[in-house]
Amino acid sequence: MTSYRQVLAVPGMAPLLSMSLLARTAITASVMALTMYVVLGLDMSYAAAGGVAAAMTAGMALGGPLLGRMIDWRGPRIVLRVTVVLQVAFWLSVPIMPYGILLVAAFAAGLLLVPASLVTRQAIAAMTTAGQRRAAFALESVQGELSYMVGPPIVILCAAKVSPGVVAWGVGAAIVAGGAGIALLNPPLRAEAAADTVGRPRRREWLGPDMIAVLVMAFGVTMLLSGTDLAIVATLEEAGQVSWAAVVVAVYGVASVGGGLVYGALPRPLPTWLLLGLLGLATIPAGLAHDWPWLCVAGVGAGLLAAPTLSTVADAVSRLAPAGVRGEATGLQSSALSAGFALGSPIVGGAIDLSVPAGGFAAAGLAGLAAALIGCLLSRRSPARTRSPLSDLGLAGAADLDPPGAGARSGTSRRSSTASR
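Numbering (our numbering), first residue to last: 8 to 428.
Think of the hints as simulated: they come from the structure by calculation, not from any bench.
Pair ranges (Cβ atoms, derived):
| # | residue 1 | residue 2 | range |
| --- | --- | --- | --- |
| 1 | Asp-50 | Gly-357 | 24 to 32 Å |
| 2 | Ser-100 | Ser-25 | 22 to 30 Å |
| 3 | Leu-73 | Met-104 | 19 to 27 Å |
| 4 | Gly-82 | Leu-15 | 19 to 27 Å |
| 5 | Ala-21 | Pro-105 | 40 to 48 Å |
Think of the CB as a built atom: it goes at the ideal place given N, C-alpha and C, for glycine as much as any other residue.
Take these sequences, add in the hints, and give me the full structure.
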């Protein structure tokens, strides 16, 4: 655990991670808060609630690169201030908006959501040394898991006890508090040595095969994870044990947290494509389980690989992106993660409808394997004259070298979940 103590000892790191955890937990719970408000507050169907959730998720996916570019141009503080003000206006208005207006407003709120994860990942890259970075991104991926384990259950519990409008206000207040806290901290997003010298390279100089490979794998891992959640529910519903779904998901989350912490303390990293491939292989056999105890066992095996895979994706993006465009690159990563979450459930749901619940685990695992294979092939096709150390190590990011176009230190400088998950 020495590496984690070193990371938390970096000036400003502990308060940054604390504010980021608050904001990300609330952001993770935001979709559930809107769902509960539409169902309980407006007395509408779950399909209508799904429309609002889809609108906000679509806004998040499209807004990542936009907010990332704004951060590259104007810095984090002004972007955080603007998004905090907009979130205040949205969440205060939720209880008085009719459904049609709420649908449009949810998309706008997702588009300009407080960029807590974007800022945190960039700050980690700038504030840590190469030797600390993997442990730091492991902590960031664990944050994503904790936000999913804590945020939605609290919203569901509170919505059943108090007004769903009040719950929406509470979620909005937490998002605003976390975003405002990060703005007050104003963490550096570029290493000092490169802050005054790094310009903005052209997109084709950094958005090459290696970066595309990382984005494909980011999409694949969240598609796998969201599909796995749905397959768990379908399996337990068939067994008449759906009430145990929360326990199985919690076991999966705890295993992921443990796996992330262990991986961050290892002396050497593993390639991203290898971790994702192993995660896919570990997911498929879960279809053999037909009750909640065996699903818990299967969840431990797969969960141990979830947070490590997410952390290597974030690490790879930070190394491949030059400092001048790291915000846009991190925004593309967030968009890929959000798109994977959005598409994972309907695709895996279709596989379940066409076959059996076990087919859901197979579809989710095969999606991860396909993304791992594509990522591996793309990284190996990277031209020799622009090959980065990430290409040679399967995008694991193990060497302290600079990617093309980066400054001397910035190139060595991740949830969700969403993500992080």
